[in-house]
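Student: Fit chain B to the given chain A structure using the hints.
Chains as they are written, first to last, in the numbering used here: chain A, 1 to 363; chain B, 364 to 726.
One thing to keep in mind: the hints can contain errors.
Stated by the list, open to error - Here's a subset of chain B near chain A, in silico, CB distances under 7 Å, partners left out:
(1) 384
(2) 385
(3) 682
Stated by the list, open to error - Some residues of chain B that are not near chain A, with every Cβ distance over 10 Å (derived):
(4) 492
(5) 510
(6) 578
(7) 637
(8) 679
(9) 686
(10) 704
Claimed, not checked - For each label pair, taking beta carbons as the anchor points, the in silico distance ranges come out as:
(11) B:568 x A:49: 56 to 62 Å
(12) B:692 x A:344: 43 to 49 Å
(13) B:695 x A:234: 55 to 61 Å
(14) B:470 x A:332: 39 to 45 Å
(15) A:50 x B:463: 55 to 61 Å
(16) A:332 x B:413: 45 to 51 Å
(17) B:655 x A:332: 55 to 61 Å
Don't read these hints as lab results, they were simulated from the structure. Everything numeric in this text was worked out from a predicted model, so none of it was measured. We put the CB at the ideal spot given by N, CA and C, even for glycine.
Protein chains: 2
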Amino acid sequence: MRVGILGGGQLGRMLALAGYPLGITCEVLDPAPDACAGQVAPHRCAPFDDLHALAAFADGKRCITYEFENVPPQAAEWLAMRLPVRPTPRALAIFQDRLTEREFLRSLGIPVPAFAPIEPSEPERALQQVGLPAIIKTRRFGYDGKGQWRIDTEEQYLRIVRQQSQPLLMEAFVAFETELSIIGVRSLQGEVACYPLIENIHGGGILRYSFAPARVDTSRLQPVAERFIATLFDVLDYVGVLTIELFLVGGRLLVNEVAPRVHNSGHWTIEGAETSQFENHLRAILGWPLGSTTPRGYCLMANLIGELPDPQSVLTIPNAHLHLYGKQPHAGRKLGHITLRHDTPEERMQGFEQLQAVVPLQG
Amino acid sequence: MRVGILGGGQLGRMLALAGYPLGITCEVLDPAPDACAGQVAPHRCAPFDDLHALAAFADGKRCITYEFENVPPQAAEWLAMRLPVRPTPRALAIFQDRLTEREFLRSLGIPVPAFAPIEPSEPERALQQVGLPAIIKTRRFGYDGKGQWRIDTEEQYLRIVRQQSQPLLMEAFVAFETELSIIGVRSLQGEVACYPLIENIHGGGILRYSFAPARVDTSRLQPVAERFIATLFDVLDYVGVLTIELFLVGGRLLVNEVAPRVHNSGHWTIEGAETSQFENHLRAILGWPLGSTTPRGYCLMANLIGELPDPQSVLTIPNAHLHLYGKQPHAGRKLGHITLRHDTPEERMQGFEQLQAVVPLQG
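Okay, chain A solo, but in the shape it has when bound (with noise of 0.2 Å):
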C-alpha cells in the first residue's frame, strides 16, 4: 500500500513512520534534496509544478496526502484529477491565504478577529476598519511568525506597508489569555473524532510548548471547538487531519488559523493518545476506521528549536520521549521534538521544571 505525500519535512517524515506499522509505505515529493522525511522514506527531489514527475509520483499510489499547506493547489488539483487527493485540494486554495481563509470562516459564522485586507492605494481604510493595536501579515507563505509585524502607530503601519511589495492583511491585535489548539480528523465515511484542546505557549512566533490536554479548564471550550472543525469538516467534505488555532478571549474562542494537515501542536498524540494523529490522518485518507482520540494521562510537548540538547540529558528526566527530525541546526528552525507524558497534572508541572533546564523557553 503506496501513499504519496507532497512535502518531506518532519510532519511526512512522521506520518511516514506512523505507516510503516499499517503496512503502508509513504513516498514524500519535495524540491529540497535534504527533505528531512527522505532519510525515512523514499524521496521524490522535484519541483510541485513539475509535471512528469507528478505524473510518475501518482504512479502505484492509493492516494495522496499533503503536509504543509503551501504546496501550489494547481499541483494538487492536477493529481487529483488522476488519483484521490485527500484532504480536498480546496483546502490548500482556502487556508494558504490567509484573506481567503478568514472570508471562508466569518462567512460560515465561525468567529475570527476583525481584518481587512490592505489596499496599496487606500492603505488607510483597513487601518480604520480594524483599528490599532494590530498586526500586520502577508497573505501567502507566513509560518512560524515570519511574515507578521505588530503594529502600534499609524507611523508604523504606514511604514511597514510602503516597505511590503506582496499582498498584505490587517488583523486586530487579540490580547488573549491562552493560546490554544484542537486538532479532528474525519474518515472518508463521515466519521468524525477530535483529540482534547491543547494549550500552546508561543516564543518569538513560533510554538515552544503544548501541553495537551490543555492545563485551564476547556469543558465549556471543547464543544464549541469541536462545532468549528464539524462546520469545517462538513462545508469541504474533508477527510484527514484538520487543525484549528484559536484565541482565548474573555472565556470566547477566536479562530486565528487553520491548517489542513497534521501539527506540531498534536506531536503529543505520539505517546499521549491511543491513536496517534499522523496514524489517523493515513487511516482517514485510506478510508480505513478511525482510532480512539482518548488522551492517556498528562502530555507535556516541548520544539526543540535551533540547537539540540545532548540527547542523555533529556532522557534522564522521567517519560521523556525524544524525536529528532535529522534536521541540520540552523537558527530559529525546528530541529526535534521532546514530549513528556505523564499520569497526573502535578508529574507534568514537575517534569516541565525538569525540562526547563534542557530546553531553555527562549532556546
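Tutor: Just chain B now, with coordinates in the frame of chain A:
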C-alpha cells in the same frame, strides 16, 4: 548515529523504526534479499561469514547488535575486535545451543527442567536420567516449535533419535500451569530495568497471545524472575535487552529458554509501556539512560501467523494497534501482530473476545 543489526527480520525492523525518532539509523545485515527490515532501513545483503561484508558493515557504526540468536558467534566475535558488539557475543554462543544454555543456567543455580544430552551411541542413558514423558529437542536452530518432539514411550524416543543426525537434547516434559516470560534491560552503566511478567499462550509451538501484565497473580513471582535476569546480567556483563521464557509449575518458576534479544512476547511494550523494548535496547547499547518500563494499562498481543486478516476489520476493534512486517504470507510464518491496550483487565478480556473473531487461536 549509525547502529548495525545482525539479522533483518521483524525484530530488526521494529528496532529500526524505534531508532529513527532518537536520531539513530539502523542498518541490517541479512543474507535474505527480502529481509523485511530492509523495507524500512538500509539492508546489506550478505552471508554472516563474509568478512569483506562484515568489515564494510562495521564501517561508520557506533556499535553492533543482533536480533536473532542464530547469528554465527564467530561473526559477532570478529566484529567485536573492531567495535562494540552488544550484547556480548558470548551470550550468542551460550544461548544458541540448548544444551550449553541449560548447563549454563544450572551452573548459576537457575532452575531448569531435568535435561540430558542424547549420546547417539548410548541413547538409553538420557532416557534413564530424564524419564518419560519428555521432549526431544535439537541442540541448535530450533525456533517456533521447530526441532522439538513430544515423547511418551521408549519406542517413540528411539525412533526419533535414530532418525535425527543432528545433536539432540532430552528434557523432562513439564506439565506447566502457565507459560510466562520476563524482559529485562541493562544499560552500559549497569542500570537494570524489568518489564512486568508476561503470560504467553502458544499453539503449535508458536506464540499466539501474550497478556501483559499477566492475568495470573505474579506478585511473588516477579522478584524471582527479576533475580534470574539480574544473575544473567551480572555474570555476562550484559548490555541490552534479554528475555527469559518461564514455566510456572506448582507455584515455582522453571526457565524454558533464554533469548539474548528483544522478544515476540514484548511487542506490547510499543503501546503498553512507557518505553518500548526496542527503544530501551537501543538506549542500552548506546550507553544512554534507560527509559521507564512501567506498563500503561493492560495489554493483549496477538500474533498474525500464516495469513493476514483484513486491516480494516482489525482496526474496528477498540484500541487495536496493528503491526505488519511486510512479509509474504506462508504457513506458520509470523506476518504481524496486533496489540490491544486497555485501562482495565475487564476491558482487556472483552477485547480478547472481539479479537478472536478476527484472529482465530489456531489461525
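Student: Please go over all the hints and tell whether each is borne out by the structure.
Tutor: Hints versus structure:
{"no.": "1", "hint": "384", "verdict": "holds, 4 Å"}
{"no.": "2", "hint": "385", "verdict": "holds, 6 Å"}
{"no.": "3", "hint": "682", "verdict": "holds, 6 Å"}
{"no.": "4", "hint": "492", "verdict": "holds, 47 Å"}
{"no.": "5", "hint": "510", "verdict": "holds, 30 Å"}
{"no.": "6", "hint": "578", "verdict": "holds, 22 Å"}
{"no.": "7", "hint": "637", "verdict": "violated, 6 Å"}
{"no.": "8", "hint": "679", "verdict": "violated, 5 Å"}
{"no.": "9", "hint": "686", "verdict": "violated, 4 Å"}
{"no.": "10", "hint": "704", "verdict": "violated, 7 Å"}
{"no.": "11", "hint": "B:568 x A:49: 56 to 62 Å", "verdict": "holds, 57 Å"}
{"no.": "12", "hint": "B:692 x A:344: 43 to 49 Å", "verdict": "holds, 45 Å"}
{"no.": "13", "hint": "B:695 x A:234: 55 to 61 Å", "verdict": "violated, 49 Å"}
{"no.": "14", "hint": "B:470 x A:332: 39 to 45 Å", "verdict": "violated, 60 Å"}
{"no.": "15", "hint": "A:50 x B:463: 55 to 61 Å", "verdict": "holds, 60 Å"}
{"no.": "16", "hint": "A:332 x B:413: 45 to 51 Å", "verdict": "holds, 47 Å"}
{"no.": "17", "hint": "B:655 x A:332: 55 to 61 Å", "verdict": "violated, 33 Å"}
Hint compliance for this structure: hints 7, 8, 9, 10, 13, 14, 17 are broken, all remaining hints hold.
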